[in-house]
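Quick note, the sequences are listed as chains A and B, same order.
Under this note's numbering, the first sequence has 126 at position 126, and the numbering climbs by one with no breaks.
Under this note's numbering, the second sequence has 53 at position 53, and the numbering climbs by one with no breaks.
Check the hints yourself; a few may be wrong.
[To be verified] Here are the simulated DSBU-like pairs of lysine-lysine, each with C-alpha atoms no more than 35 Å apart in a straight line: (1) B:Lys3 <-> A:Lys127; (2) B:Lys3 <-> A:Lys135; (3) B:Lys120 <-> B:Lys27; (4) A:Lys135 <-> B:Lys120.
Hints were generated in silico from the structure; no laboratory data involved.
Here are the chains, one letter per residue:
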Amino acid sequence: MGKPFMVDVFDIYDKMERNNILLSFKGEITSDLLTSILQIMENKMENMQEEPKMKKKVYNVLVECLQNLYHHLDETAEGENSEKVRSAIFMIGKLETKYSIFTGNYILNENIHGLKTRLDEVNSLSKEELKEYYKKVLNNGEMSLKGGGGLGMIDIARKTGEKLEYNFLDIDNKVSFFTLNIKVSQQQ
Amino acid sequence: MDKYAIEGTPKTPSISFDLNGGVLEIKGRSIPENSIEFYKPLVDALDKYTSAAKPATTVNVQLEYFNTSSSKCILDVFKKLEGIHKGGSAVTINWHYEEDDEDMLEAGEDYQAIINVPFKMVMVAE
Numbered sequence: 001m002g003k004p005f006m007v008d009v010f011d012i013y014d015k016m017e018r019n020n021i022l023l024s025f026k027g028e029i030t031s032d033l034l035t036s037i038l039q040i041m042e043n044k045m046e047n048m049q050e051e052p053k054m055k056k057k058v059y060n061v062l063v064e065c066l067q068n069l070y071h072h073l074d075e076t077a078e079g080e081n082s083e084k085v086r087s088a089i090f091m092i093g094k095l096e097t098k099y100s101i102f103t104g105n106y107i108l109n110e111n112i113h114g115l116k117t118r119l120d121e122v123n124s125l126s127k128e129e130l131k132e133y134y135k136k137v138l139n140n141g142e143m144s145l146k147g148g149g150g151l152g153m154i155d156i157a158r159k160t161g162e163k164l165e166y167n168f169l170d171i172d173n174k175v176s177f178f179t180l181n182i183k184v185s186q187q188q
Numbered sequence: 001m002d003k004y005a006i007e008g009t010p011k012t013p014s015i016s017f018d019l020n021g022g023v024l025e026i027k028g029r030s031i032p033e034n035s036i037e038f039y040k041p042l043v044d045a046l047d048k049y050t051s052a053a054k055p056a057t058t059v060n061v062q063l064e065y066f067n068t069s070s071s072k073c074i075l076d077v078f079k080k081l082e083g084i085h086k087g088g089s090a091v092t093i094n095w096h097y098e099e100d101d102e103d104m105l106e107a108g109e110d111y112q113a114i115i116n117v118p119f120k121m122v123m124v125a126e
């Protein structure tokens, strides 16, 4: 019998399984939730006997990814559909020695250009240039109440040594869905 | 006030600032969502200390993790210390990092490049 809003739980499970997802969350991102996710991931990596160096990198990148979600959900939360818009998705997976962190959240269409410009700029820089850029933004950049004022993405790119993969999916004339995929692997 | 001290939490470091002894210690994790709020009392304590600084001021920073939101606040703390250093108190910042933590060493070197205060990179065996 067709139940249009019946969730196919197995389908979701199976997709996650095939993508080696260790942990996922969909919903409102709160401060307490971040604390819990970080603690769970720290324990998991401990149990998996992950190398200390890798553990630190993954933890650092997770903090930045999750806090980005936390701070930027507010911006799109006003007005109609605020419940839906405050919600985000987060997943972390591990394939062999490589971790992948995925985040997804709504973004106001008017903010896409600015974010895309920043991401492309970060992706265009070499390791050495990222270091200089980081110091410049750290020293001169405006600190916002909502975080490091753009340092997060630079820091992620610096620590992972990988390009930031992203996409903006058209939803309607107000919002789009922004997805980010960060890879963390042992360098050198 | 001759001492400013707070306990660490899973998201914030322990801070101990002995204004009479001229010793400031920051230890643990600094990953709060709102770093400005967390660091404000320390910045205020440093402002008070500026006018009554000891001949030497020792700063020990031993962080396991810090987020980019904290990195700005830590820079603000170091800028206060730079002012205190210029004012005549010999400030030394001991930046501790764990043996395998190159990211933390690099973070210390970033500050060293920005702040005009003697930095010592101190390796901690795990």
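Item to complete: Give me the numbers of the hints this structure contradicts, sorted from smallest to largest.
Response: Those not satisfied come down to hint 1.
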